[in-house]
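Colleague: The primary structure of each chain is shown beneath.
2 protein chains.
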Amino acid sequence: MSEQTISRRRLIGAGTAAGLGAMLGRVPGVGAAGSERTADVVVVGAGFAGLTAALRVMQAGHSVIVLEARDRVGGRAFNRPIGGGEISERGATFVGPTQNHILNLAGEFGVHKFPTFEDGDNVYVNAQGQRSTYNDQGPLGTAPPDPTILPDLIPAILTLDQMSTQVPVNAPWSSSNAGDWDNQTLASWVADRSVNPNFRKLVAVATRPIFGAEPRELSLLFTLFYIAASGDETHPGTFERNFNTHDGAQMWRFFGGTQRIPLKMAHALGNRVALNSPVQQIGQANGRVIAQCGSLQVRAKRAIVAIPPTLAGRIEYTPRLPSNRDQLTQRLPQGTLIKATAVYDEPFWRDAGLNGQAVSFSGPANVTFDDSPPDGSKGVVFGFIGGDEARKFQRMTKANRKAALLANFKTYFGSRAGHPRQYFETNWSQETWTRGCPVGIAGPGTLLEYGPALRKPVGRIHWAGTETSTYWNGYMDGAVRSGERAAGEVLAEL
Amino acid sequence: MSEQTISRRRLIGAGTAAGLGAMLGRVPGVGAAGSERTADVVVVGAGFAGLTAALRVMQAGHSVIVLEARDRVGGRAFNRPIGGGEISERGATFVGPTQNHILNLAGEFGVHKFPTFEDGDNVYVNAQGQRSTYNDQGPLGTAPPDPTILPDLIPAILTLDQMSTQVPVNAPWSSSNAGDWDNQTLASWVADRSVNPNFRKLVAVATRPIFGAEPRELSLLFTLFYIAASGDETHPGTFERNFNTHDGAQMWRFFGGTQRIPLKMAHALGNRVALNSPVQQIGQANGRVIAQCGSLQVRAKRAIVAIPPTLAGRIEYTPRLPSNRDQLTQRLPQGTLIKATAVYDEPFWRDAGLNGQAVSFSGPANVTFDDSPPDGSKGVVFGFIGGDEARKFQRMTKANRKAALLANFKTYFGSRAGHPRQYFETNWSQETWTRGCPVGIAGPGTLLEYGPALRKPVGRIHWAGTETSTYWNGYMDGAVRSGERAAGEVLAEL
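Those protein sequence lines, which keep their order, are chains A and B. As numbered in this note's numbering, residues 1 to 494 make up the first sequence, in order. As numbered in this note's numbering, residues 1001 to 1494 make up the second sequence, in order.
Quick caveat, the hints were computed from the structure, so don't treat them as lab data. Treat the hints loosely; a few may be bogus.
Heads up, simulated DSS-like pairs for lysine-lysine below, C-alpha to C-alpha not over 30 Å straight-line [as the list claims (entries may be wrong)]:
1) A:K456 - B:K1398
2) A:K392 - B:K1456
3) A:K378 - A:K398
From the structure, some residues in chain A lie toward chain B, with a derived Cβ separation under 10 Å [unchecked claim]:
4) A213
5) I315
6) D326
7) R435
For each residue, glycine too, the CB sits at the ideal point set by N, CA and C.
Extracted from the complex, chain A is given alone in its bound form:
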């Protein structure tokens, strides 16, 4: 069986096509005999986190069943074919240095990386709408070298990086300044330091793609944690890694797209992965855990719930979750991020000395990247539309959205950008089984008050997902790390 077909094939059916037909004509599961399966471990969610956990459990010689709500694996990693055997990533796209867990996993499955295209200049559109270009391999990286903003920008980034060194990634709430830092938003902190309104706007230009959020939505403590987490055990995290291509989290891509890895993982797991199987209930009793989706019951010794906390909170638990865990799930909403992609016959911007990357005060797409196939046989550029820009964008008509996006691209890359062969959007807030991207975000108070509940198992239920990771939280690497950690917890108990 090919990788591609796995994403469509229904490996085992749980009988829960919970769509309109089910609503109008029948009750999910009613009339069908309930089926039952047993395994050592049941995993909820077949994104990077859940598949990694399942794989490690299987490799350790234990039985495992993965229940996935969607008709495909990969979660926030999702390839879209663009013809000619090539794809563009609707979600997770890049990897970079210190992300060794996703890199090792990719290597394990023979998925190789290649450098993100970065020959040539970046485009910058400043607050006055003036376009310029610059080279991003200098000391500032992708940060635009705008002389009206640098006096605020450089000390702000250095200060945030410095503050982040005081935030332990495994317990941000234990930082000696946690009380002060979780009392305020990133927006408050920036406002207290800067009287330059354009600098404040630039901070939002950065937080929209990184968090899918405005600076007002982010606790300062959470922001510092996120920075601290952007590294590994031997390389302290920096804010720069989040927005840089060169030496940053956007440095490399994977041949065939990021979803190739979960597709291959699912292939290895075979019929241990059940698609179209949204879990409604998880019960614990008599030394067992039981996951229920429609008429299918999976009985196991341990469960790993590998979905965002806001989705985990929508499952019914018996007995109910401790209130600190339940209230955590009420307080870690998914960010708001849309990706809009244009496909051209060729990456024409390269001929003009541009690398396809733009940073712009004028949205909807404040940031763009080149996502062309490695051989440049097509030209693909996508824009990130995040936070307030995303909320505004999704209120527009389809035609107006496309026009606004292509107007951005024309400003950045010239008139040819106005005539793509293909144009498509991916609004992760409209995905029932994700509810927002790229990550769950914490406002003031959440980490301080509920952080310890992020990873603490509840009886036989363990928690995974990139939102639970100590490093590269919000990234594929964090998801893989979380799956390994949860598998380790479970294997120690089997």
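Given the coordinates of chain A, assemble chain B onto it according to the supplied hints.
Modeller: Below, chain B alone, put in the same frame as chain A:
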């Protein structure tokens, strides 16, 4: 049938005892023939909001069915018998001037109000642990007349009240300062104005009972909205009404307890109210809405969902909700509030010239009230344990919690307080069908970005619940108002 029995009787059964038995032995609804009912309107939730909406729909001559998840009506209004035919309120307790919608509704059902006991002095325990008493009917009301704090306290309250006049209760996000005020927390605003750490602590003493939250959890804009909403169309809201007894929201109580009103409403609605009926799905198609709980389907022309947004977000909608509505439900968590109640043979504190009210820097119970029966035949005092105090309290053993609470009460009211006849706690964060109290709270960004989705109907689904109210949001009056508003929306379309 008596009022009391309604709360226990299962009026119509939906077959969804979704407890451990259901998890282990059978799938809810499986094997049972699905039953179906039809009405003009289906209401989800039998708290004040849902019952008010249902009553108005019924009174207008239309058919209605109310689906309630619990085995009782009343939501956050819940009487606990304390013997001798008397009760103490586990949840909502007080009403006050400008709350005319709950007062009128109570009058309609012959439930009369009486004054909260306030003869005598309040107790104050300052930041140094020193106890004093004061009269709360002066210009400061319940705010303690601490000379070390007043220089911060009085201007802060007056400034918040003044700022709140610029916040339209029906659209706080349209205030000309909304961007600035929703960028920051109440904690940031207080910190910017005050160098007195004790004043900052006193702000938390106030927000814990009012919001079940710390100042860091509250957007300044949301706080100002809440103040503006603490009044009516002709009396501007004030912060003071939230914490005052005299002329404030704690001025009166109801004979027989607040739950008597929903019990009488349910009696009037008769078998239109179905208990034990948690709604799992709401579908819309072909000009109809269908609410599903277990094997029961209710088909209607319109639905009114009258539960907190965080719970409304856990229902499965077909088609899915617009993303701005779904992301709102991810961003309005319930507060964290516990009520601990002690029952004595008599209200002995009254003989000592005390009215049973205390304000204290030392928790767990930062605030107490006299909840004795109107004839004083027993002595009842309860403490509010909110925000960080509640999160700390619920990690303690049962014995330690009781000891800590009674230590508070002894400090406030003397040694007799250490020997209650009864002691009980109500932790609303552990209530599956409430998930926190007293209200859904908004951190920075939520109102500005998602506020318009609070009340906007989604097709044939209308939203009620105190969290949707323009006045007395978070109070019974707001719940009643929201039910009336939602009923009005629906009746205009039938």
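Colleague: Please list, smallest to largest, the hint numbers that this structure does not respect.
Modeller: The structure conflicts with no hint, since it agrees with every one listed earlier.
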